[in-house]
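Trainee: Chain residues, written in single-letter form:
2 protein chains.
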Amino acid sequence: MSFDSTVHAKAIEIAKLSYQMTAAAGSGHPTTAASLAHIVAILMYQHMRYEPANPSHPLSDRLVLSEGHACPIVYAACADLGVMIGKTKEQWRPMTREDAMSLRALNSVVDGHPNPCEGFPFFDAATGSLGQGLSIAAGLAAAARVNGIDKRIFCIIGDGESREGQIWEAVDFIKDHRLTAVCPIFNCNHLAQSEAVSAQQTPAVLTAKLQAAGYEVLVVDGHQPSAIQEALSTHAQRMHDPAANPVAIVAKTVKGWGSASQQGDGHHGKPAEGDALAKALAELDATAQQLGAMVDMAMKIGLMSAEKPRAKERSAVMSFSDALKQFGLESARQKGKLATRRAYGVALRALGLANPDVVALDADVKNSTFAEMFSKDPKLADRFFECRIAEQNMVSVAAGLSAGRMIPFASTFAKFFVRAYDQIEMAINSGANLKMVGSHAGISLAADGPSQMSLPDMAWFRAFSSMKGHNGHPGCYLLQPSDAVQAYALTLAMAEHDGPCYMRTLRPDVEFLYTDEDKFQLGGHEVLVEGRDLLIVASGYMVHEANKALEKLDAQGIDATLVDLYSLPFDEEAILDLANENNGMILTLEDNYGGGIGSAVADIAAADGGGFTVKQMCVTKIPKSAREPDEIMAYCGLGVDQIVQQAMSLLELSAT
Amino acid sequence: MSFDSTVHAKAIEIAKLSYQMTAAAGSGHPTTAASLAHIVAILMYQHMRYEPANPSHPLSDRLVLSEGHACPIVYAACADLGVMIGKTKEQWRPMTREDAMSLRALNSVVDGHPNPCEGFPFFDAATGSLGQGLSIAAGLAAAARVNGIDKRIFCIIGDGESREGQIWEAVDFIKDHRLTAVCPIFNCNHLAQSEAVSAQQTPAVLTAKLQAAGYEVLVVDGHQPSAIQEALSTHAQRMHDPAANPVAIVAKTVKGWGSASQQGDGHHGKPAEGDALAKALAELDATAQQLGAMVDMAMKIGLMSAEKPRAKERSAVMSFSDALKQFGLESARQKGKLATRRAYGVALRALGLANPDVVALDADVKNSTFAEMFSKDPKLADRFFECRIAEQNMVSVAAGLSAGRMIPFASTFAKFFVRAYDQIEMAINSGANLKMVGSHAGISLAADGPSQMSLPDMAWFRAFSSMKGHNGHPGCYLLQPSDAVQAYALTLAMAEHDGPCYMRTLRPDVEFLYTDEDKFQLGGHEVLVEGRDLLIVASGYMVHEANKALEKLDAQGIDATLVDLYSLPFDEEAILDLANENNGMILTLEDNYGGGIGSAVADIAAADGGGFTVKQMCVTKIPKSAREPDEIMAYCGLGVDQIVQQAMSLLELSAT
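Residue numbers (this note's numbering), protein chains in the order written: chain A, 323 to 978; chain B, 323 to 978.
Since the hints were derived computationally from the structure, they do not count as laboratory data.
Just so we're clear, the structure is a prediction, and the values are computed from it rather than from any experiment.
Please note: incorrect hints may appear among the correct ones.
To be verified - No more than 25 Å apart at the CA atoms, straight line, and that leaves these computed lysine-lysine pairs for DSS-like: (1) Lys-574/A with Lys-497/B; (2) Lys-657/B with Lys-943/A; (3) Lys-574/A with Lys-497/A.
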């Protein structure tokens, strides 16, 4: 029984350290950690192919801890194995027991929940908001497939956690795309935070649900080393068998395993301290005795192969005009109009042809977002992932693809991205290089009504555009092109940038405002008209409304400046300079709820204290259906005449 | 076959009108509508118990159209049956064919997707963002149970739509709570928007998944009237059998049923116009001929019973002090500190005892949000719904409970509400009377790290606090109490208000700032200290930080005003007046990302143009774990000394 005794010994060793580090932290989840002691011990000491000296090696197997609060057990193993930690490769050093004891301290890289960006490269993504890990694992497996790397992705999911619908979106996605490199392990320790898990998440019901989804399910005692090892080996055999179904492991475990005093209700998220700690540790020692636990077998970890991932050649991306020609869309030039969403499709395809790291995802609206221009190109089809109507999974899969060194572009209606805002925030916390393109933004799609319109998204993403991510860049760039040329250029700019970006595209065709010669950049803006009486700041569809308003204002003798503020954040000084050249009078236009461009301009004006006046026009009531964009614009107070009226009243003039 | 021939006749009649109204609108989803023609015809002409003259009657069966884009088929039936439409009961009139033909017009109550608030009381909730309807149906069934009303809730879900994880959260919730009054009907028409539905959403796989979840599944031909009727009758029998499992219907249907030219790919969301319309209608006429369709049987609809819902007595809610006494928490008074999240639990329980319409929901963190004070009271337990770790379902269930005339309070960590932002927006669009309480808000929980911290939520909810809902109230009130007394009072105020509210509560105990005598209201604020040099605006935890800063500023000879701005929206003039009394100098404090209170104040200052200067302090980088709140505050630049420093530099002074 040398395998069993060795695993028992390591399991108990890391369980004990989990209790000690959480006691030192004064918070944390040692009993959840203990329920995973054997599974993590086998994975990290015996089964996974990875190098403690290079935990982020692209060829190594990965472990995604979806139930992030169990992290002490992984930290404990890493401390024992001397897995490298540190914010940058230059700062890497082997993790020590002292590091483990610094859990949750301000100056520690051992954070309360997994986060590679805080200095823990063994992990690929920040977890802790439940239900997201299996999707990330699927993304890692998809990236490995695209890169021709044979590796395995283990994902540990809690039983209570498996109530999250996203877990089942991921289960379907893995089956759809045969991502058999993913090995989902459900940790059924029976106790959730506030009570026992639902009868809908018992091992038996989870097994039935997984089987219904087309999985081969292996139910094991999660504290029986050989049984766990056998199940993991079965996964290893099945994953390359084209006839086999995906394999999932359902592990029956005990919360607080090995120490009776820590079992049962009331121990979730509560470290054992003082006498309780001593008792828990003594009980684990006794359990070790009883099981004859001892390390009498060699460790087996290490990389599976030394092969390097394929070298991949990038080439220059063709110009917008060339792309229109090549993709048979030149008629748009004659027509003088093209929807920015279609320009995104053109750009995505051109980008994909030039950059083998670009992958695309969509949620069954690729014929509306025009991601289908990418998916329909035979040269690109194997880098497209149809995610069906499951936006949360799509975003987390994209985060996983990013962790797998790809540049993922995910698209759906801007409204439906709201579904995945928690996943987007966790991806930003993970340092994911995520590109999101939300179509049918604002109210200009009219007829479909508010269930399809994105209205608070500007406020949400502005919160991230105004803070900094781990790499010092804005947490997320918020882009809204006003014409097809700009949409094309900004799509390319997103790919060049290392960090999250969100671009809003429009349903209706809009006139061309720019040419191939115009240059656009993240953080940029464009002065379309220079005046002296009033600064109008707009983006997207509202730039076209503003252009119409400018003519009418001119007839009233008002000489207005028009800025296409297509990016947040932006050059604040430049905008204030323009305002100063216009008597400090600013009118902002946006066809979404407040908290977007108008507030961004108001923030810098109010911070300056220079006596600027900022009048904001935005959507202030719930829109409805209308057959034409003009109708809904007027209904929401954003019609051309209403813009003129507001401009006049801001300047305290009345129309003549 | 009089039943079949009658149903065929009605099905074809409403299918034809669906084509005609979408053609008139120039957009819409007639082929999806046609796939539901028989199911909707049987429900609305034969099976449901409701009154066209009073479609929102509390005793009537309900139909939730989760795949909202199929609404033309329901509109068509309502036009034929003269179901009442209109924004208010005073404006109600029987729907006509002309109304149907006004689909999606600006001045029409027949909106592009279902929405009761636009004047269609037959529906209970706005749908169109997919995957939410089954949760709403569960909420309606839960409300009926609480009110002792025997009614049925039919819910139609698309096959492609059933990829959304929320559908499976709802499936588990219905089983957990035995809400057998819900009859889920899966419309398997095989074609999604951009391609055929996944192999994971075929009738066979959906059946297996539902059976795995503990359902009795009836698979029927969705165009065979007797088969549909029999399945619906089976549901009617089973729903009162305590031994029976919940029943679900899986209907195999044809997208574009009855007109061959409209079947197959490429017809999703595309109305047939001109010759194509004529052809589709002719094909439906031929189908009618062939099936011998004719109305030769009486309509059967009408209310099941005339019984009135129970009258329910409300009483006055006890005072905070009395509640502390009665619930054994008086020690908090001596301690001088209490967490606002605990005060919420006290208020929720006191409120529940006084108001039988109040119901509560939580997502397995009730012992952290303190919703357990409600769930553990035997007098209230039957009005508590444990939703497990599935936030999307919780919010939509709450919206359904609201549509069932209850006042739902839903709680989880503020961070985890992000998961349900799309559901929250749809609830706001539905006019739901939804109360949300997000605990562990901001960064003061420290040790757990950013995966548990709510940081962009202020920006998101501010977008809704700055627009108006259908009833003219703010789309959502955004509340953040700074002490337990205020948290108690605001919880009561939320219950009194008709409309959505979101309240943030804090993890740590905080000192009492107020007494039972202090009054608080939605839209209010409190001046805690009156000075003349500087206006400091804060809420929640930052009020306590500001208090500490005030002492240090006083030592520097700075006489600052402190406002506890616990509500958005707020009295803008009053805040500007205070600013004017402080030389126009404003410092805002918040422990979340930007776009919240600071931007709200900057908006009004910049709009006024009176030369105010607004310095915003907020979280500008991704937080991490720290063992103490003070540590993470300082890490994020929000420590007391940093506040003092910023105040000094704003006043262009240097500390002495």
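Trainee: Check the structure against each numbered hint from earlier and tell me which ones fail, lowest number first.
Mentor: Checked against the structure, the only hint that fails is number 2, while the rest are satisfied.
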